[in-house]
Amino acid sequence: NAGVTQTPKFQVLKTGQSMTLQCAQDMNHEYMSWYRQDPGMGLRLIHYSVGAGITDQGEVPNGYNVSRSTTEDFPLRLLSAAPSQTSVYFCASSYPTGGHYEQFFGPGTRLTVL
Amino acid sequence: AQSVTQLDSQVPVFEEAPVELRCNYSSSVSVYLFWYVQYPNQGLQLLLKYLSGSTLVKGINGFEAEFNKSQTSFHLRKPSVHISDTAEYFCAVSDAGGYNKLIFGAGTRLAVHP
Chain A
1 NAGVTQTPKF QVLKTGQSMT LQCAQDMNHE YMSWYRQDPG MGLRLIHYSV GAGITDQGEV
61 PNGYNVSRST TEDFPLRLLS AAPSQTSVYF CASSYPTGGH YEQFFGPGTR LTVL
Chain B
1 AQSVTQLDSQ VPVFEEAPVE LRCNYSSSVS VYLFWYVQYP NQGLQLLLKY LSGSTLVKGI
61 NGFEAEFNKS QTSFHLRKPS VHISDTAEYF CAVSDAGGYN KLIFGAGTRL AVHP
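Residue numbers (our numbering), protein chains in the order written: chain A, 1 to 114; chain B, 1 to 114.
Take these hints with a grain of salt, some might be off.
Said to hold, decoys possible - EDC-like, lysine to aspartate or glutamate: derived pairs with alpha carbons at most 16 Å apart:
no., chain 1, residue 1, chain 2, residue 2
1, B, K101, B, E66
2, B, K101, A, E102
3, B, K101, A, D56
4, B, K101, A, E59
5, B, K101, A, E30
6, B, K58, B, E20
7, B, K69, B, E88
8, B, K49, B, D95
9, B, K69, B, D85
10, B, K49, A, E102
As the list claims (entries may be wrong) - Just the calculated beta-carbon pair ranges, DEER-fashion:
no., chain 1, residue 1, chain 2, residue 2, range
11, B, L51, A, G53, 46 to 56 Å
12, A, D26, B, Q45, 16 to 26 Å
13, A, R77, B, Q45, 25 to 35 Å
14, A, R77, B, S70, 38 to 48 Å
15, B, N41, A, G63, 21 to 31 Å
None of these hints come from the bench; they were simulated from the model.
The C-beta atom is built at its ideal place from N, Cα and C for all residues, glycine as well.
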């Protein structure tokens, strides 16, 4: 299994540009999440999905869109990038075990918005 | 609302010395507690978790943590660190039961020196 994969690894955008961060998992997990990591702030939840066709907002959803058309894929869209969106983005998938959901993280995408 | 406070942003320590990384949380409900490790330029990896039962939890790489409900703490310890333990460590909390959205602390950077 490849686990959770993210593309691209690095990306530089200009303010106002749009792009999609890709996330895929091959573990058949129902739950998937997007986080952003900023220095001194840990990871913050952007959006999450509890299954194909179902998404919900996390702690910091503004400026981001998501959709979940398949179990495997959970892309994150930036419609009009802003410098405040410069961050490292992590995708995670999870499955239920022992009464909780064990999360598996991808390697991250480092995004710089100029 | 839940929150996590990691009391030290950086912890320098010499190789083979013991280390404790401190984590306090606040929550009005029962919680699950986690420690994750992030090696440079990698995603997060689960070190250990507390769900219920024994308050002393053992994880991978010789780490352990103790859940203290009265002090709302979940400190991470290792009796003898190695250079390879140099990484960033994140404490996280979630509601017990159901799909648990993780709330992360800001992280503690552990630097092990020879």
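Comparing the hints with the structure gives:
1. B:K101 - B:E66: 22 Å, violated
2. B:K101 - A:E102: 11 Å, holds
3. B:K101 - A:D56: Holds. K101 (chain B) to D56 (chain A) sits at ~11 Å (cutoff 16 Å).
4. B:K101 - A:E59: Cα-Cα ~10 Å, so holds.
5. B:K101 - A:E30: Since the Cα atoms of K101 (chain B) and E30 (chain A) sit roughly 14 Å apart, the hinted pair holds (cutoff 16 Å).
6. B:K58 - B:E20: Holds, because 14 Å separates the two Cα atoms, which is no more than 16 Å.
7. B:K69 - B:E88: 25 Å, violated
8. B:K49 - B:D95: The hint holds at about 13 Å.
9. B:K69 - B:D85: 27 Å, violated
10. B:K49 - A:E102: 10 Å, holds
11. B:L51 - A:G53: 46 to 56 Å: 30 Å, violated
12. A:D26 - B:Q45: 16 to 26 Å: 18 Å, holds
13. A:R77 - B:Q45: 25 to 35 Å: 27 Å, holds
14. A:R77 - B:S70: 38 to 48 Å: Given about 45 Å between the Cβ atoms, the range holds.
15. B:N41 - A:G63: 21 to 31 Å: Holds: the Cβ-Cβ distance is about 25 Å, inside 21 to 31 Å.
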